[in-house]
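Just need the whole structure built from these sequences, with the hints factored in.
Going down the list, the protein sequences come from chains U and P. As numbered in this note's numbering, residues 8 to 284 make up the first sequence, in order. As numbered in this note's numbering, residues 74 to 368 make up the second sequence, in order.
Since the hints were derived computationally from the structure, they do not count as laboratory data. All C-beta atoms in this analysis are idealised placements derived from N, C-alpha and C, irrespective of residue type, glycine included. Among the clues, some could well be false.
Restraint ranges, calculated between C-beta atoms of paired labels, are given here [unchecked claim]:
1) P:220 <-> U:48: 18 to 28 Å
2) P:341 <-> U:154: 55 to 65 Å
3) U:46 <-> P:133: 47 to 57 Å
4) U:109 <-> P:186: 16 to 26 Å
5) P:158 <-> U:105: 17 to 27 Å
6) P:216 <-> U:12: 18 to 28 Å
7) P:159 <-> U:81: 52 to 62 Å
8) U:213 <-> P:133: 19 to 29 Å
9) U:116 <-> P:309: 27 to 37 Å
10) U:190 <-> P:300: 18 to 28 Å
11) U:38 <-> P:133: 23 to 33 Å
With a straight-line Cα cutoff of 30 Å, these simulated DSS-like cross-link-like pairs (lysine-lysine) come out [unchecked claim]:
12) U:38 <-> P:295
13) U:261 <-> P:162
14) P:165 <-> P:253
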Amino acid sequence: MPGLHEQQRRFANFITATDEAPPGLAMPGLKSGAVGEFTDEQRLQIYRNNYRISLREALAGVYPVVQKLVGEEFFHHAAREYVLQHPSHRGNLHHYGADFATFLQGFPGLEELVYLPDVARLEWAHHQVFHATEDRALRLSALAALDEQAMMEVCFVVSDACRLLVSDYPVVKIWQLNQAVGTQETLSLDEGGVRCVVIRHGCDIEFHVLDEGGFTLLETLAQGKSFARACEAALAVETACDIGGVLQYLVVQKMIVDFGVPPGVVGQQVTDTGERK
Amino acid sequence: MYSQVNGSIPARAGIGLRAPHFQAVLDTLPEVAWFEAHSENYFGIADSGQLGGVPLHYLQRVREHYPVSLHGVGLSLGSVDPLDRSHLKQLKTLIEIIEPGLVSEHLSWSSVDGQYFNDLLPLPYTEEALVHLVERVSATQDFLGRQILVENASSYLEFADANIPEWEFIAELARRADCKILLDVNNVYVNAMNHGFDPQHFLQAVPVDLVEEIHLAGHTVKTFGEGVLRIDTHDQLVCDAVWDLYESAVQRFPHVPVLIEWDSRLPELDVLLAEAARADGITGIGEGERHARLA
Chain U
8 MPGLHEQQRR FANFITATDE APPGLAMPGL KSGAVGEFTD EQRLQIYRNN YRISLREALA
68 GVYPVVQKLV GEEFFHHAAR EYVLQHPSHR GNLHHYGADF ATFLQGFPGL EELVYLPDVA
128 RLEWAHHQVF HATEDRALRL SALAALDEQA MMEVCFVVSD ACRLLVSDYP VVKIWQLNQA
188 VGTQETLSLD EGGVRCVVIR HGCDIEFHVL DEGGFTLLET LAQGKSFARA CEAALAVETA
248 CDIGGVLQYL VVQKMIVDFG VPPGVVGQQV TDTGERK
Chain P
74 MYSQVNGSIP ARAGIGLRAP HFQAVLDTLP EVAWFEAHSE NYFGIADSGQ LGGVPLHYLQ
134 RVREHYPVSL HGVGLSLGSV DPLDRSHLKQ LKTLIEIIEP GLVSEHLSWS SVDGQYFNDL
194 LPLPYTEEAL VHLVERVSAT QDFLGRQILV ENASSYLEFA DANIPEWEFI AELARRADCK
254 ILLDVNNVYV NAMNHGFDPQ HFLQAVPVDL VEEIHLAGHT VKTFGEGVLR IDTHDQLVCD
314 AVWDLYESAV QRFPHVPVLI EWDSRLPELD VLLAEAARAD GITGIGEGER HARLA
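Structure, rendered in structure tokens:
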């Protein structure tokens with residue numbers, strides 16, 4: 008008899024295979040049915056179905072708007088392919104489905120729904136934010152204690168409960184329209200794209216549509232660059248960008264929650280409690 | 074942290090805590106003795122492994138009013154892969170936050186060679202598997218610094234090399250690993266029907282002092298041509314045959330908490346509460362006695 012490892016491998020190979028599995032697929036050694044007349048394949052097929060359905064339902068839980076837009080039948084078809092191509096690697100199912108947007112991008116039959124991958128990106132961002140750690144508040148007194156030069160060298164920490172998304176399509180409106188049941192409202196793709204921040208405050212998830220300058224500032228900070236570099240980037244795309252106003256907004260909305268001063272910078276060093284050393 | 078509520082799980086009926094019921098539970102604080110939460114739903118998905126998220130927020134609020142048990146579905150105790158230390162670490166952190174009365178996992182596997190199936194897959198009941206499970210349960214208990222309960226799983230097949238009856242396997246596991254048993258009465262019934270044994274035999278074979286929790290759930294009867302298989306779907310009311318078996322279980326294992334599980338096609342909260350009340354009726358717990366809340 009095969010050992011436990013080989014048994015589990017064979018079991019896994021069966022349940023992850025397509026229904027047109029290659030002949031000669033090694034089967035785990037099963038006891039012939041004491042009750043009922045079931046073949047080994049029929050018994051194993053129940054596990055194969057459970058496997059596909061549980062991952063498909065995980066996807067449906069994260070991507071309800073995508074499912075609404077393509078219809079349940081097509082969603083099941085796409086999910087089945089996705090599950091075949093993208094195994095789960097965690098015991099926590101909430102990690103599953105991260106690559107669904109990219110997968111949809113090339114999926115046959117969706118050519119006309121050009122905005123669909125970005126809707127999926129928005130839904131994944133929503134999912135991530137839903138499960139993210141709690142947001143903290145920035146230590147304002149510590150920030151105020153910095154002199155101007157130190158302030159420019161600061162690297163801000165973007166909240167874990169915050170995700171950024173750029174789309175050529177009005178995906179936030181698409182998402183919102185699809186929350187309502189039976190809405191007759193339509194929108195035109197000519198409305199154009201959106202730069203959006205998905206953020207959670209307490210249990211509420213919000214979409215904030217930002218101007219190009221403000222979005223670029225936050226995006227540059229999220230890449231770990233200094234405040235000076237972020238200001239340059241923001242002003243390069245929007246010369247009239249109100250840096251002070253944007254910074255205040257990011258703090259008030261808890262999009263930036265902490266900051267660090269790189270070593271060697273002349274300025275006030277700050278302890279965790281915000282007191283000057 | 075939750076000093077206003079005694080955290081130990083009372084020998085009464087509880088229900089599974091599901092996300093669609095979070096708000097209703099907090100708004101109505103229903104008359105039910107305790108809640109069980111699927112551990113992984115509260116891990117969050119941060120790369121750092123740090124716990125967080127909306128579900129954890131709700132679980133903490135629920136914990137302020139009720140005892141809570143943590144029931145894992147993703148540790149993959151029976152797998153031959155190494156134990157997932159980051160998963161265990163998250164579980165340990167969740168235990169520190171929630172202070173659960175009981176912590177449980179399944180007698181099953183769900184991953185091999187790094188791939189997860191997110192299902193409770195069956196094990197061959199062999200000495201090799203038993204030795205493996207004893208080591209895994211012991212390692213888990215050592216890591217968590219506490220005893221866990223291991224639940225008998227449902228299955229739709231048996232392995233050719235299995236030579237230990239399921240009831241002996243789980244009892245022996247509990248003895249050797251010094252863990253306790255979560256007896257799922259529905260799973261006993263499902264397996265008895267699927268594999269052709271007397272469910273009473275299973276109950277009588279399990280030592281009384283090892284069972285610390287009982288589960289009840291609904292299952293689905295599937296017909297394939299001439300044959301019938303029972304599938305453990307947790308998507309409907311507990312069936313009469315399982316209620317009858319529960320009455321026998323109560324005779325043998327009195328003073329054990331019982332849980333109503335319902336995981337898909339979730340009905341209104343009231344339906345679960347009514348099932349819990351029915352379970353309490355069988356153990357002789359009346360109206361007004363069910364609520365263990367102190368706050």
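Going through the hints against the structure:
1. Residue 220 of chain P and residue 48 of chain U have their C-beta atoms about 40 Å apart, which leaves the hinted 18 to 28 Å range violated.
2. Checked against the hint of 55 to 65 Å, the pair residue 341 of chain P and residue 154 of chain U passes, with Cβ atoms roughly 60 Å apart.
3. Checked against the hint of 47 to 57 Å, the pair residue 46 of chain U and residue 133 of chain P passes, with Cβ atoms roughly 48 Å apart.
4. Between residue 109 of chain U and residue 186 of chain P the CB atoms are about 24 Å apart, so this pair conforms to the stated range of 16 to 26 Å.
5. A hinted range of 17 to 27 Å holds for the C-beta pair residue 158 of chain P and residue 105 of chain U, which are about 22 Å apart.
6. Take residue 216 of chain P and residue 12 of chain U: their Cβ atoms lie about 22 Å apart, and the range 18 to 28 Å holds.
7. Between residue 159 of chain P and residue 81 of chain U, the C-beta spacing of about 36 Å breaks the proposed range 52 to 62 Å.
8. Separation of residue 213 of chain U from residue 133 of chain P is about 22 Å and conforms to the stated range, judged on CB atoms against 19 to 29 Å.
9. For residue 116 of chain U and residue 309 of chain P, the hinted distance range of 27 to 37 Å is satisfied, since their beta carbons lie about 35 Å from each other.
10. Hint check: residue 190 of chain U to residue 300 of chain P, Cβ distance near 47 Å, so the stated range 18 to 28 Å is violated.
11. Between residue 38 of chain U and residue 133 of chain P the beta carbons are some 46 Å apart, a value that contradicts the proposed interval 23 to 33 Å.
12. A distance of roughly 20 Å separates the Cα atoms of residue 38 of chain U and residue 295 of chain P; the hinted pair therefore holds under the 30 Å criterion.
13. Straight-line distance between C-alpha atoms of residue 261 of chain U and residue 162 of chain P comes to about 28 Å, which keeps the hinted pair within the 30 Å bound.
14. About 18 Å separates the Cα atoms of residue 165 of chain P and residue 253 of chain P, which keeps this hinted pair within 30 Å; it holds.
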